[in-house]
Amino acid sequence: MLNSLDLPKVPMSEGVEKAVDWIKETFAWIFEPIKENVPDFLDWFASLLTSVPPLIMILVIAVLAFFLTGKKIGLTVFTVIGLLFIQNQGLWEPLCYTFTLVLFASLISVIVGVPVGILMSKSNWAQNIITPILDFMQTMPAFVYLIPAVAFFSIGMVPGIFASFIFATPPVVRFTNLGIRQVSTELVEAADAFGTTGIQKLLKVELPMAKATIMAGINQTVMLSLSMVVIASMIGAKGLGRDVLSALQNADVGPGFVAGTAIVVLAILIDRFTQLVNKNA
Amino acid sequence: MPVIKVENLSKIFGKKVKEAQSLLDQGYLKEDILEKTGCTVGVNRASFEVEEGEVFVIMGLSGSGKSTLVRLLNRLIEPTEGNVEIDGENLATMDKNSLRSVRREKMSMVFQKFALFPFRSVLENAEFGLEIQGINKEERSEKASEALDLVGLGSFSEQLPSQLSGGMQQRVGLARALANDPEVLLMDEAFSALDPLIRKDMQDELLDLQEKMQKTIIFITHDLDEALRIGDRIALMKDGSIVQIGSPEEILINPANDYVEKFVEDVDRSKVLTAEKIMKRPETVDIDKHGPRVALERIREQGLSSIFVTDRSRNLQGYVNADDVSAARKEGKSDLRDILQTDVPKVEKDTSIQEIFDLIHDSPVPVAVVEEGKLRGIIVRGAVIAALANGNGVTEDVE
Numbered sequence: 001m002l003n004s005l006d007l008p009k010v011p012m013s014e015g016v017e018k019a020v021d022w023i024k025e026t027f028a029w030i031f032e033p034i035k036e037n038v039p040d041f042l043d044w045f046a047s048l049l050t051s052v053p054p055l056i057m058i059l060v061i062a063v064l065a066f067f068l069t070g071k072k073i074g075l076t077v078f079t080v081i082g083l084l085f086i087q088n089q090g091l092w093e094p095l096c097y098t099f100t101l102v103l104f105a106s107l108i109s110v111i112v113g114v115p116v117g118i119l120m121s122k123s124n125w126a127q128n129i130i131t132p133i134l135d136f137m138q139t140m141p142a143f144v145y146l147i148p149a150v151a152f153f154s155i156g157m158v159p160g161i162f163a164s165f166i167f168a169t170p171p172v173v174r175f176t177n178l179g180i181r182q183v184s185t186e187l188v189e190a191a192d193a194f195g196t197t198g199i200q201k202l203l204k205v206e207l208p209m210a211k212a213t214i215m216a217g218i219n220q221t222v223m224l225s226l227s228m229v230v231i232a233s234m235i236g237a238k239g240l241g242r243d244v245l246s247a248l249q250n251a252d253v254g255p256g257f258v259a260g261t262a263i264v265v266l267a268i269l270i271d272r273f274t275q276l277v278n279k280n281a
Numbered sequence: 001m002p003v004i005k006v007e008n009l010s011k012i013f014g015k016k017v018k019e020a021q022s023l024l025d026q027g028y029l030k031e032d033i034l035e036k037t038g039c040t041v042g043v044n045r046a047s048f049e050v051e052e053g054e055v056f057v058i059m060g061l062s063g064s065g066k067s068t069l070v071r072l073l074n075r076l077i078e079p080t081e082g083n084v085e086i087d088g089e090n091l092a093t094m095d096k097n098s099l100r101s102v103r104r105e106k107m108s109m110v111f112q113k114f115a116l117f118p119f120r121s122v123l124e125n126a127e128f129g130l131e132i133q134g135i136n137k138e139e140r141s142e143k144a145s146e147a148l149d150l151v152g153l154g155s156f157s158e159q160l161p162s163q164l165s166g167g168m169q170q171r172v173g174l175a176r177a178l179a180n181d182p183e184v185l186l187m188d189e190a191f192s193a194l195d196p197l198i199r200k201d202m203q204d205e206l207l208d209l210q211e212k213m214q215k216t217i218i219f220i221t222h223d224l225d226e227a228l229r230i231g232d233r234i235a236l237m238k239d240g241s242i243v244q245i246g247s248p249e250e251i252l253i254n255p256a257n258d259y260v261e262k263f264v265e266d267v268d269r270s271k272v273l274t275a276e277k278i279m280k281r282p283e284t285v286d287i288d289k290h291g292p293r294v295a296l297e298r299i300r301e302q303g304l305s306s307i308f309v310t311d312r313s314r315n316l317q318g319y320v321n322a323d324d325v326s327a328a329r330k331e332g333k334s335d336l337r338d339i340l341q342t343d344v345p346k347v348e349k350d351t352s353i354q355e356i357f358d359l360i361h362d363s364p365v366p367v368a369v370v371e372e373g374k375l376r377g378i379i380v381r382g383a384v385i386a387a388l389a390n391g392n393g394v395t396e397d398v399e
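These protein sequences, in sequence, are chains W and Z.
Note that UniProt numbering has the first sequence beginning at 1, numbered continuously upward.
Note that UniProt numbering has the second sequence beginning at 1, numbered continuously upward.
Excised from the complex, chain Z in its bound form (with noise of 0.2 Å):
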C-alpha cells in the first residue's frame, strides 16, 4: 500500500473559484481562467502515489505549482479539490486536531530557506517538533541530539543558527525534521539555497542517510540534476499539471512530450546514463571447454583483438589476447589458464558513463559489465562515445 495517495488534487487561488473550477473541468488552459475569471489554477488535479521508502521528486520550473502542491499535501495551503491520503487516512477532510497530530507526527518539512527560528539554538531548533508534542525536556534533547549527531552537527547544539553557513544551517532544518522521526519527509527546494558544490555535499549526504533511514520523501525542485541524482521516480510539473512520472532514465530516454523534452535536453547525459544502457552481449569462451583453438577461431570471426573468458556459469575469469592465443595454438597448448589475463576493467550495471569514460580510456580491452561475479555484458569504448553524443546508447539487445 502507498504510504501517500494523491488523487486529483486542485487548488485554484482567487475570488471566482467555482466558475474556474468549472472552467478547469472543461478542459480550459491556465492563461485562458486566468483571463476568464482572475483566478490562478496553481495545481490541476494532481494524481500520484509514493510508495514507503521511495524519494520521490517533483520538479518543475518556478510557477509550475510544484512549491504549492507540497503544501496541499500538508494542508499548508488548502485544497480546492481532491483527495490526499496519508495512511489511508484523508488528510483533506479531515479536522483541525486531527490534521495537527498528522504533522506532528508523520509528517516533517524542511524548507528552502531553513526557516530556522533565530533566537533558539541548534538544538533548541531541532527540539521544535518535540517540544510542541509537550515532550519533556530531557528525553526531547536526547532525540534532537540523536538527530543533530546524524547530520553531523551534534558539537554545534549550543550555537545559535546565524553563527553556521548555509549548509549547516539546512542540516540543522533537516535534524528538526528528522527529530519527530516522522514517516514522510517533505522537502521544499531545501538544497536549492545552497551553492553548488555544497549542495552535492547535501545531496550525497542525503542519500546516505536514506539509505539508514528508509523514509519516505517528497522533494522539491527546479534542478533536473538534483532531480535525476536523487529521485527513485520523478513526477515533471508544468502549468500545475503533473506532465509525466517515471524513473530518472524513462523521463530521459522517453520525454511524454515536447515540453519533457525540453527540458531534459540540456542534461548532463554523462551522470544519469548507466552501464546497463550502453553495453553489448558479450563473445565469450569458456575456460573449462574451450581451448585456444576455438578461441582464436572466435576472435577471427568477429575481428577482435581479445575475448573475455567466462566459467561454465559465466563466472568472468578474464581475457585473453589474440597474440597470446595463436602463440598458444603454434606452440599446441590446449589450455587457456596458461596465457589469461586476469587484470579487467570491471564496472556494475548501475555505474554511470562518466565512471566507465574514466577506466576506458587507458584499458586496452572492452569493460566488464558484472552482476555478482557474473559476466553480463561488455562496453566499447564507440560506445561511450555515442551515447555521451546522443544520448541513446546502444541498444544492442542484451541476452
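Looking at chain W on its own, in the form it has when it is part of the complex (with noise of 0.2 Å):
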C-alpha cells in the first residue's frame, strides 16, 4: 500500500520522444543543411590542418608558446616534446580531428554563451529562468544529449559538437554573468553619472572589467568540450576519442594509455594557451 501511489505512469518517456520528433520535423530545414553542408566543411579544415608537415606545424606551436609566456621555456619545450610523442605513436590525423572539434565546439559555446551571460547579468528574471537549466545541462549525463543529437544530425562530427555544446556552455555562460555582476557599484555608478548608454556601459566597461572572468569561463567550456571527445566518438566523430574507444572495446591497455596520454597533452596545452592568450589580451 503505502510502497506506490496507485497512478498511472507519468508518459514522460513517450513525450520527450514526440517532442524530440516534433523538433526534427518542424526545424528540419535548419538541420537538413548543416547535415549535408558541415560534415565536409569540418572534414576540410581538419585535412588542412593535417597537410601542414607536422614537424612544421610543432616548430610553429612551439614558437608561439615561446613568446606568448614571454620567452620563458618550460611550456615551450612541453609543446615539442608532447607533440612528438603524439607525432611518434601515428596519431598526429586523430589529434587534428579532435582539435577541430574542441575548436568549433568551443566557438560555438561561447558566441551562444556570452550574450545569454549578459542577459542573464542584465535581468534577475533572467537569471532566474535561466540558472536551473544550465544545472540540468550540466548534470545531465552526457550521453543522453548524443540519442537527439544522432536524430537531428545523424552521426559524425556534427552531433558531437551539438552535445559538447549542450555540455560545455553552461560555464561560459555562468562566469560572463558572474563577471559582469562583480563589477564595482563604484565603477557602474560612475558609468551612469556620466550619461553612458546601456550599450556604452556594457562595452566601455562592464565587459572589460569581467573579461578575466569571462575568460576563466571560456577556459573552462574549452575544457569541458574537449571532455566530450571521447563521448563524441561513440556516435561516429572522428578524432583520438575513437582510439580509445576501440581500445576499451578490445581491452587493449596499451593503445588506450597511449590515446588517452595525447588526449591529457592536448588538454594540457589548449588549457595553458587558452590562459596565456587570456592575460596577453
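Since the hints were derived computationally from the structure, they do not count as laboratory data.
There could be a bad hint or two in this list.
As the list claims (entries may be wrong) - Here are the computed lysine-lysine pairs in the PhoX-like style, where the Cα-Cα straight-line distance is at most 20 Å:
{"no.": "1", "chain 1": "Z", "residue 1": "137", "chain 2": "W", "residue 2": "201"}
{"no.": "2", "chain 1": "W", "residue 1": "204", "chain 2": "Z", "residue 2": "137"}
{"no.": "3", "chain 1": "Z", "residue 1": "289", "chain 2": "Z", "residue 2": "333"}
{"no.": "4", "chain 1": "Z", "residue 1": "289", "chain 2": "Z", "residue 2": "262"}
{"no.": "5", "chain 1": "Z", "residue 1": "30", "chain 2": "Z", "residue 2": "238"}
{"no.": "6", "chain 1": "W", "residue 1": "201", "chain 2": "Z", "residue 2": "212"}
{"no.": "7", "chain 1": "Z", "residue 1": "113", "chain 2": "Z", "residue 2": "96"}
{"no.": "8", "chain 1": "W", "residue 1": "9", "chain 2": "W", "residue 2": "24"}
{"no.": "9", "chain 1": "Z", "residue 1": "18", "chain 2": "Z", "residue 2": "5"}
{"no.": "10", "chain 1": "W", "residue 1": "122", "chain 2": "Z", "residue 2": "96"}
{"no.": "11", "chain 1": "W", "residue 1": "122", "chain 2": "W", "residue 2": "211"}
{"no.": "12", "chain 1": "Z", "residue 1": "113", "chain 2": "Z", "residue 2": "200"}
The structure displayed is predicted, hence computed values, not measured ones.
Both chains come to you apart, so use the hints to assemble them.
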C-alpha cells in the first residue's frame, strides 16, 4: 500500500520522444543544410591541419609558446616533446580531428554563451529562468545528449559538436554573468553618472572589467568540450576519442593508454594557451 | 536664479513605499516607519537651493542619508517624491534621454573610492565623459589633457591609475569630472578615503581651483572640519532630514538644535572663528587733528599702554606708546608724527583666530583689523584666549 501511489505512469519518455520527433521535423529546414554541408567543412578544416607537415606545425606552436610565455622555456619544451610524442605514436591525424571538434564546439559555446550570460547579468528574471536550465545541462549524463543529437544531425562530428555544446556552454554563461555582476557599484555608478547608454556601459566598462572572469569561463568551456571527445566518438566523431573507444572495446590496455595520454597532452596545451591569451589580451 | 533647486525630495527604500510615505506625511519618525513597514527612509523631504558658483556642503554621519541625497540629485537613485530642478528643468520627472544629456553636459560626479577604470590610462579615464558624448579623439584628448594639467597631473597621462597614489588617483577623478566642463560638480565624500595630510592638500587645491572655475559644487562629507573649511554654506543632515542650513559661522555659533550643537562641540574653533567675530571697537586719535595732549588723555582714561593713530578717513597710520606720548608732552611737541610707530601687526576681517594667535603672542600692542587700509577694530590677547576657550568670542558691538 505504502510502497507506491496507485497512479498511472506519467508518460514522460513518450513525451520526450514526441518532442524530439516534432523538433526534428519542424526544424528540418535548419538541420538538413547543416547535415549536408558542415561535415564537409569540418573535414576540409581538419585536412587543412593535417596537410601541414607535423614538424613545421610543431615548430610554429613551439615558437608561439615561447613568445606568449614571455620567452620562458617550460611550455615550449612541453609543446615540442608532447606533440612529437603524439606524432611518433601515429596519432597526428586523430589529433587534428579532435582539435577541430574542440575548436568549433567551443566557438559555438562562446558565441552563444557570452550573450546569454550578459542577458542573465542584466535581468534577475532571466537569471532565475536560466540558472536551473544550466544546472540541468551540466548534470544530465552527457551520453543522453547523444541520442537527440543523432536524431537531428545523424552521425559524425556534427552531433558531437552539438552534444559538446550542450555540455560545455554552462561555464561561459555562468562566468559571464558573474563577471558582470561583480563589477563594483561605484564603477557602474560612474558610468551612469557620465551619461552612458546601456550599450556604452556594457562595452566600455562592464565587459572590460569582467574580461578576466569571462576568459576563465571560456577556459572551462574549452576543457569541458575536450572532455566530450571520447563520448562524441561513440556517435562516429573522428579523432583521438575513437582510438580510446576502440581500445576499450578490445580491452587493449596499451593503445588505450597512449591515446588517453595524447588527449591529456592536448588538454594541457589548450589550457595553457587559452590562459596565456587571457593574460596577454 | 539658483542653479539647483531641491523641493521636498524624499527616498524611501523597501517594498511598502506608499504606506511608509503616508506615515512619513503623518509625521512618524524613521525608526517607527522601519518597524511598521520594513521601509527605510533614506531622505526625508529635503529642500534647498544652491546658487551659481557656490560650494554647498551636505554633511552628516554615516546613515544620515547624505550619499543617498547626492545620488537623488543626478538620479543614480530614483526619488520617491519631490523635485530636483537644474536650470529650471525638473530632473526627477524627465525622460531617460533628457536625463542622459543632463548627466553628460551639466553634472559630473567625483566618487569616494575614486571609481577610476583600472584598464584605462589616466588620460583615457579623464576622456571618459567626452568619449561617451561621442566627441572625436583629438578634441577629447585635448580637453582631457587640459583638465589633467589643471589638477597637476599633466605628465602622468600615460600611467595606469594603479600606478598612482590615492591623492593622485582622486585628482584623476576630479579631472575626469572637470573635462566635461559641467555646471555642477557632485563630490561624494571625495576626500574621505585620503589620509589627513593629503586630504588637507586636496581641500586647498579644490578651493584654488574653485577660485578659477567658479563651478557650483555640491560636496558630501562626514567631516565637520572639512565642511567648515570648504563650504560657503552647509546643510546638516540627520536621519534623512536636513536639520540646519547655514554658513559655517551660523552653524557654529547658532546651532539649530541639540544635535547640531553636539556635532559642533568638538570642532577646533581656532580654525573657524575669524578676526571679525572677536575684534572690538578701537580707541584712536586723529593724526591731523590731535596732538600728544589728547592722546595722553585718552590713554589715561582707558588705562591703555598705547593708542592707535589714524587719519581723518580712518586709514591706519600706526600707534603711539604711552611713555613716548608723555615725554613728547613734556617737551612741548605738538605733532604725533614724531613719535609714531608704524610697525603694527595687521590682519584682515576673515583671518582665522589660529593665525591671530601666533601674531598676537609676540606683539606689544593689540592686533589691528583692517579693511582696505582702514582700521575696523582691534583684537586684544584676552579676546583670542576667551574665544578659544568657549567659542563665543567677544561680542561687543563694533560700530
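Next pair to validate is residue 9 of chain W with residue 24 of chain W; report whether the Cα-Cα distance is within 20 Å. violated (26 Å)
For the pair we were handed, residue 113 of chain Z and residue 200 of chain Z, check the Cα-Cα distance against 20 Å. It holds: about 17 Å lies between the C-alpha atoms, which stays within 20 Å.
Pairwise hint evaluation, residue 212 of chain Z against residue 201 of chain W, where the allowed Cα distance is 20 Å at most: Violated. Residue 201 of chain W to residue 212 of chain Z sits at ~32 Å, over the 20 Å cutoff.
Given pair status - residue 201 of chain W, residue 137 of chain Z, alpha carbons within 20 Å: Distance ~19 Å between residue 137 of chain Z and residue 201 of chain W Cα, so the pair holds.
Given the hinted pair residue 289 of chain Z and residue 333 of chain Z, is their Cα-Cα distance within 20 Å? holds (14 Å)
Against the 20 Å threshold, does the CA-CA distance of residue 122 of chain W and residue 211 of chain W hold or violate the hint? At roughly 16 Å apart (the allowed maximum being 20 Å), residue 211 of chain W and residue 122 of chain W satisfy the hint.
Does residue 137 of chain Z sit within 20 Å of residue 204 of chain W, going by the straight-line distance between their CA atoms? holds (15 Å)
Under the criterion that the straight-line Cα-Cα distance not exceed 20 Å, is the pair residue 289 of chain Z, residue 262 of chain Z satisfied? violated (52 Å)
Holds or violated: residue 122 of chain W to residue 96 of chain Z, with C-alpha atoms at most 20 Å apart: holds (18 Å)
Tell me if the straight-line CA distance from residue 30 of chain Z to residue 238 of chain Z falls inside 20 Å. Holds, at about 10 Å.
Run the distance test for residue 113 of chain Z versus residue 96 of chain Z: straight-line Cα separation, threshold 20 Å. Judged against 20 Å, a Cα distance of about 27 Å means the pair is violated.
Holds or violated: residue 18 of chain Z and residue 5 of chain Z, Cα atoms, limit 20 Å. violated (25 Å)
In summary, the structure is inconsistent with hints 4, 6, 7, 8 and 9 from the numbered list given earlier, while agreeing with the others.
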